Amino acid sequence: MNPLHDQSAALLGRPLRDVLHVDLLVTVPARIIVFIVALLCLANIAAATESYGMPKLDIGKGGHCVADPQWMRVNHMKVLFQQRDETVHLGIRDGKYSLKNCIECHASLRDNSVIGRADSFCEGCHRYEAVKIDCFECHSSKRSTALAQEVSK
Amino acid sequence: MSDTDALIGNTDQKRRQFLKTSVGAAAVAVAPGMLLFDMAHGKSEPVSGKVRWGMLIDTAKCKDGCDDCVKACNKENGLSGGLSPTDSQWIRKVELKDMRSGRELALPMMCQHCAEPPCVDVCPTGSSFKRADGIVLVDKHICIGCRYCMMACPYKARSFVHEPLHDQKPDVPRGRGTVESCTMCVHRVDKGEQPACAEGCKNKSIMFGNLNDPESEISRKIRTVASVQIRADLGLNTGIHYQGL
Amino acid sequence: MQARTFNRNEPLYFYALIAVGLLVLLAGLYAAHMMEEHGHIITGMNNQIVWGMPHVFAIFMIVAASGVLNIASIGSVFGKAAYKGRGPLAGMLSIALLAGGLFVLMLDLGRPDRIIVAATHYNVTSVFAWNILLYSGLFTFVALYMWSLMERRMNPWIKPAGLIVFAWRIILTTGTGLIFAFLVARQAYASPILPPMFLVMSFAWGMAVFFIVQSAMYSWNGKIQDPVLLSRMKNLLGIFVLGALYLVAVYHLTNLYFARQTSFEHFILIDGGIYPWLFWGGYVLLGSALPLLLIFTPGLNGPRSVLFASILTILGAFSMLYVFIIGGQAFPLDIFPGYEVKSSFGDGQIGLYHPSHWEFLLGFGGLSIAFLITTIGVRALNFVPQDKTYAVDKRASD
Chain B
1 MNPLHDQSAA
11 LLGRPLRDVL
21 HVDLLVTVPA
31 RIIVFIVALL
41 CLANIAAATE
51 SYGMPKLDIG
61 KGGHCVADPQ
71 WMRVNHMKVL
81 FQQRDETVHL
91 GIRDGKYSLK
101 NCIECHASLR
111 DNSVIGRADS
121 FCEGCHRYEA
131 VKIDCFECHS
141 SKRSTALAQE
151 VSK
Chain W
1001 MSDTDALIGN
1011 TDQKRRQFLK
1021 TSVGAAAVAV
1031 APGMLLFDMA
1041 HGKSEPVSGK
1051 VRWGMLIDTA
1061 KCKDGCDDCV
1071 KACNKENGLS
1081 GGLSPTDSQW
1091 IRKVELKDMR
1101 SGRELALPMM
1111 CQHCAEPPCV
1121 DVCPTGSSFK
1131 RADGIVLVDK
1141 HICIGCRYCM
1151 MACPYKARSF
1161 VHEPLHDQKP
1171 DVPRGRGTVE
1181 SCTMCVHRVD
1191 KGEQPACAEG
1201 CKNKSIMFGN
1211 LNDPESEISR
1221 KIRTVASVQI
1231 RADLGLNTGI
1241 HYQGL
Chain A
2001 MQARTFNRNE
2011 PLYFYALIAV
2021 GLLVLLAGLY
2031 AAHMMEEHGH
2041 IITGMNNQIV
2051 WGMPHVFAIF
2061 MIVAASGVLN
2071 IASIGSVFGK
2081 AAYKGRGPLA
2091 GMLSIALLAG
2101 GLFVLMLDLG
2111 RPDRIIVAAT
2121 HYNVTSVFAW
2131 NILLYSGLFT
2141 FVALYMWSLM
2151 ERRMNPWIKP
2161 AGLIVFAWRI
2171 ILTTGTGLIF
2181 AFLVARQAYA
2191 SPILPPMFLV
2201 MSFAWGMAVF
2211 FIVQSAMYSW
2221 NGKIQDPVLL
2231 SRMKNLLGIF
2241 VLGALYLVAV
2251 YHLTNLYFAR
2261 QTSFEHFILI
2271 DGGIYPWLFW
2281 GGYVLLGSAL
2291 PLLLIFTPGL
2301 NGPRSVLFAS
2311 ILTILGAFSM
2321 LYVFIIGGQA
2331 FPLDIFPGYE
2341 VKSSFGDGQI
2351 GLYHPSHWEF
2361 LLGFGGLSIA
2371 FLITTIGVRA
2381 LNFVPQDKTY
2391 AVDKRASD
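Heads up: the sequence lines are chains B, W and A, in that order.
Heads up: the first sequence at position 86 corresponds to 86 in this note's numbering, and the numbers run straight through without jumps.
Heads up: the second sequence at position 164 corresponds to 1164 in this note's numbering, and the numbers run straight through without jumps.
Heads up: the third sequence at position 311 corresponds to 2311 in this note's numbering, and the numbers run straight through without jumps.
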């Protein structure tokens, strides 16, 4: 007997109720459990669909971005990876995609930072997507002009 | 055609579809990279080996008990200034006493920015590197914190960041778990300024300049006065020279 | 205890051992987590002593991992029949120890989350980078070697696989010695004798570990070790311990001859506090002299003595590594020869190091990984050396 043949028959030839083992749902407790699980699944899907919009971000000064926002959402990491090597190894500090410049524009006007609140420019999306940000372990998250003002006060 | 043959034929179709989609996806992924390559050109020039930054320190002008250079470095680079064994010190004042003659002197000690840095040789990831213009740096993006460079440095120039940091200076990123040392204020040098210690020394004992330019002030002085490199016997050709040692 | 009751409860004892191993592993992982969250400030390491207790554990395990393969090499490369049956066990122990050592080493990194960076960014002049290749290579080649040993149809491949493993581990241990030998400015290191010293130490430590595991396996299975084989193996251990002691002596004697090294040697051998104690008491006396006595004295050298000698050798190994790694860092760098120095960064001062419990936990976590791999491996696969002449039940011989 060709086992492959058997498997295909199993999938195509058996009635759905056999595949789903409906025969096990004889007892009431089993039915209740299955019903609750199904309800939770539906609730989950509903919730997910409902909140599946973009998180609201505080874009700081905002204005015209250095590149198209959607392109940036997809490619900002690639851009930063290349920029950081140019700055550290070659000393090129005036690139369009320098992290300092991003923060200069996009830090919130309330707390001068790109992280810290749920709607902060970097934190908002990263929290939503559950991607840990490594940059600010070392880099300052505050705009440098504001910091300079603080120091001189 | 039997059911099996139909299945196999189906699988082949699915394979073809998968290949088409993945090649398409790969092309889309590669495209921005090709775009970025174009954008890379059109910025300022990268640093070159035509310049070699160095320092000449006149130990006679360095006053015992004064630590203006240390304070300036700490302020510029956002260091805590703490002196416990786990605190980072990028520059320190060393008090010396000649064991035979009893002569006493003081000098600032920082990363010597060697031309043949042992720390660069031993770093497993290449994070410790020498820039084209002679400044030895740690690329903290790829530092894994193994501390081998700290073992290798003859000058105890490097520090390890032992705890999470906050409120770093925007021009001087530093963080937990990576190794750091004097950067010769590379963020200032790239702007045409002097390192903070050279500028902060009231006695003008630290002279900073281009060792590769024979007409620079530092080159002329090194040609005329006696100066040494610390542990010159190791053959590292340091960028920091000391006068009066 | 009675052999019969032991045999009945044997699965229970096995699972108890596994449970203990897992608990220790968990403690080690917790220590690693704390170090990653709070930074190395919770350990005793600082800017003067940059490598601490975890490195003592890790380097012991990595060196022993290469040395334990000696037993396998004697069988497969040098053709001694009695050792051929021990090859698979030696291979498995090697993998277990290397895994444990790397566990400790990688989790002690400042940024263990960046391990992948170490694999993707490669500096060809760095011994650490070579080690990445050497360690992965050892795993691969030992696995292939074990396959050639344990599967009958692969037996023709034993000789070439054994040769590759033999050469590879010598290069690997040389690399471990070179980690220190390349440190040009430190008085404790920067010596070409370190690679051969580590090589011979690996033979001694590997043999000792093998002995302990073999004794445990024999005792667990109610067997007695063949006295002839025991005699040969214990003599080998003795020779290796002696050889290691010789190279350590040469290292210190040469150092003592150089005037500029005298103060360092004085520190390590006489007035450095814990370091002379550990060196003379821990390594020379307990870790070398006593084992040699136990091994070579005619009346004393039974299986119990040899087991004790093996344990002492390992204690000596830890003492030796503590003095070497930490003592070597505690002595200040001689940046200004001929000058007395003082500074805010520990120049001219002996570095102080108090290991924290986190570091010990991490180290023991690594040991537990080696223990778990060994215990489970020994139960799952056929590792008990089948000595043809002796398979006597312990009870029957009483």
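Certain hints may be false.
Below, a list of computed lysine-lysine pairs in the DSS-like style, where the Cα atoms sit at most 27 Å apart [to be verified]: (1) Lys78/B - Lys100/B; (2) Lys1202/W - Lys100/B; (3) Lys1202/W - Lys2342/A.
To be clear, the hints were calculated from the coordinates, so they are not data collected in a lab.
Keep in mind the model is a prediction, meaning the values are calculated, not measured.
Outcome of the hint check:
Simply put, Lys78/B and Lys100/B have alpha-carbon atoms about 16 Å apart, close enough for the 27 Å limit, and the pair holds. The suggested pairing of Lys1202/W with Lys100/B is violated, with an alpha-carbon distance near 32 Å, which exceeds 27 Å. Distance restraint check for Lys1202/W and Lys2342/A: the Cα-Cα separation of roughly 22 Å lies within the 27 Å cut-off, and the hinted pair is therefore satisfied.
In terms of the numbered hints stated before, the structure departs from hint 2 and from no other.
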